[in-house]
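K.L.:
Please take these sequences and the hints and turn them into a complete structure.
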Amino acid sequence: MKSTLLVGALLAVATTTSAFAQSIKLADVAELSGGGATVGTNWKNGIDLAIEEINAKGGVLGRKLEVTHADSQSNPGVARAQVQKALDAEPYVLLGPGYSGSVKVTAPLAAEAGIAQIMGGEAAELTQAGNKFLFRTSFGQQSSMPKVARYINGELKAKTVAVVWVNNDFGRGGRDVVSKELERLGSKVVADLSTEAGQADFAADVGKIKAANPDAVFIYLNEEESARILKELKRQGVTAPLMGETTLIGQKVIELAGDAANGARGHVGLTTDAPVDLIKAFREKFSKKYNYVPDHNGLKGYLAVYMVKATTEKMGKVDPKKFADTLHGLTIKASEEPGILMDVTVSDTGDLDRQSFLVEVVEGKQVVKQVLPKLN
Amino acid sequence: MSNLFDLLVAGLATGAIYALVAVGFTLLWQTSQTINFAQGEFVMLPAFLMLAAMHVGAPFWLAIILGILLSMILLGLAFKMLLVDPMMRHGVLPLAIATMALAIGIKEAVKQFFSAEASPFPSIVPTGDISILGYAVSLQSIGVLVVAILAVVGLTTLLSRTSLGHQMQAAAQNPTVARIIGVPVERMILLTFVINAFLVALASLLITPIYLAKFSSGEVLGQAAFIAAIVGGFNQVRGAIAGGLLIGVLDNLAAAYVSTQYRAAVPMIFLIVVILFRPQGLLGRAEERTV
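Going down the list, the protein sequences come from chains G and E. Everything in the first sequence is counted per my numbering, starting at 731 for the first residue and increasing by one. Everything in the second sequence is counted per my numbering, starting at 19 for the first residue and increasing by one.
Since the hints were made in silico from the structure, they are not lab data. Mixed in with the good hints, there may be bad ones.
To be verified - For the chain G half of the interface with chain E, some residues (derived, Cβ under 7 Å), not all of them:
(1) Gly916
(2) Glu954
(3) Leu986
(4) Pro1103
Stated by the list, open to error - Non-contacting residues of chain G with respect to chain E, defined by C-beta distances greater than 10 Å in every case (computed):
(5) Thr798
(6) Glu842
(7) Asp931
(8) Lys940
(9) Val1006
(10) Lys1063
(11) Thr1079
Stated by the list, open to error - Partial chain G-side listing against chain E, Cβ under 7 Å, derived:
(12) Ala921
(13) Thr925
(14) Ala927
(15) Gly967
(16) Ala970
Each residue gets a CB set at the ideal place from its N, CA and C atoms; glycine is no exception.
P.N.:
Rendered as structure tokens:
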């Protein structure tokens, strides 16, 4: 009787363990509170939506995906602790964080553990440090800023430019690349304004822009600060064209800035307003599930999970050690994996090549003015 | 020159809001020796109460009225009766620490019930410019300044020209004598808490369209107003008003002419200088206490 019970118990444990081992565990560390809450919440929701879809269709190689979410509180120190905790649980792939500063301090941890990290940071330096385990979900600044500078110089014909940037890794990286490109093309930076993350009052900064009287203003801040400066620019009657990146013309910025966002332009690697059928379908599914229109961070989180799926299926097995090697140089076609939304090629440094868009905010809506093709 | 004028107007508008909040600090200190470290969160919360009212379908004007009334109940009456009264018996320090805990509680509650993300908030003043002395000045700055000045003038008139105000001053200056001559001291103290709640709700209505409604937005405001109250004189309403305006202008000028990175440090340095050379504040009255 005793031995029967023992066998039964062992069988039960074995069954549970086997069911447990079936799932592929992902760990996400994101900005779920603090200054980057908009970024992190969109990213997290994008991940959850992708996982729900993939699992509903039978998972990856027949195994379900599972994710744990941890809050970095938009603080690099907390992000580092959360990533260490997540890595201790030996995930298949690490997702996040979204802030470049947090990525910078967590990337060495993931690399040391030999775990691939698919993140949302856009600072140029992130993929220039020779880290073989770090992958982007969007363009790095070295890809996007030259396009921005060309637009300011060529299309806006601005001879003088004011550059407003947020004083962190993300802002500094963008400012360095865009300023260099602008000068190279012959547009002079007449005001170089550093602002603080979480800054509430932009009256003085806009005062300085007015005093410099530039032909165009390049704004490179996080979403909430972008909304505040757009309102202040309108309040102080600045009429120069406003150019930025995704963070200037995102959905959250439009919602927060209201009328003040109209006329702002930006180069966008990812937008839910892109004239691409798969992206339109994504937007619809996301809006239906969460009751709001996602910004590019929702797309990034969603794409991160589909990058995991496509890479794993390419390998034909779940092998965390070979994951990074397989993803380097991989081209994922939307015709074969619709979840990837647009054809993408991952470089040997973890950077992406993909088509992008030039967007203007018209009457509170993002309107795509130009589609810029994939480089290779 | 135009730039300086813009900075002065924007600084005065922000400073007027600091003044409203700083006046609350001085009122509570004068009447009940309460230092409310949750004052910044008191400014943040009314905006969310108004947003909640709009969320359930109230028009903006009604949401404002409901927000102000609810603030007066929660941040005036309930704050006084449920936190200040029980803690006051244990001294100023435990009460100050309790208000710090309250600040964290309010922030976390707002984060939990609304969101950690910022929300837009409508402005009571339309956007656009008007011309003053040949300079284009934003209507919003003027609107904020006018409403804040009206509130401060109303408060000082109440305090200096009405019987109620005299009773409040008597209760603040010498509660024992005030009681002897028949002033309902407890009621007067309660009234100052309600007035403080009204002022912070007004500040919330004015500042949130610019700063956006966010659970953490009270941190900067609370700190700026606290500095303003000390710089101006913690025991004088006029000191708090002057301190608020001064800090607002100083902050904007520092950001423009010193450095954006060090803008937060400039009011702090000014505070240290004032404490070193005029500890009672610029317009404050020297107080002595026996220990």
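K.L.:
Determine for every hint whether it applies to the structure shown.
P.N.:
Status of the hints after comparison with the structure:
1. Gly916: G/Gly916 check fails; min Cβ-Cβ to chain E is 27 Å, beyond 7 Å.
2. Glu954: For G/Glu954, the interface hint holds, since the closest Cβ of chain E sits about 5 Å away, which is under 7 Å.
3. Leu986: holds (5 Å)
4. Pro1103: With a minimum Cβ separation of about 34 Å from chain E (threshold 7 Å), the hint on G/Pro1103 is violated.
5. Thr798: holds (19 Å)
6. Glu842: holds (31 Å)
7. Asp931: violated (6 Å)
8. Lys940: Since the minimum Cβ distance to chain E is about 6 Å, G/Lys940 lies within 10 Å and the statement is violated.
9. Val1006: holds (27 Å)
10. Lys1063: holds (35 Å)
11. Thr1079: holds (32 Å)
12. Ala921: violated (11 Å)
13. Thr925: holds (6 Å)
14. Ala927: violated (11 Å)
15. Gly967: Given a least distance of 5 Å, the restraint on G/Gly967 holds.
16. Ala970: Where the cut-off is 7 Å and the nearest Cβ of chain E is about 15 Å from G/Ala970, the hint is violated.
Going down the numbered hints, you'll see the structure goes against 1, 4, 7, 8, 12, 14, 16, while the others check out.
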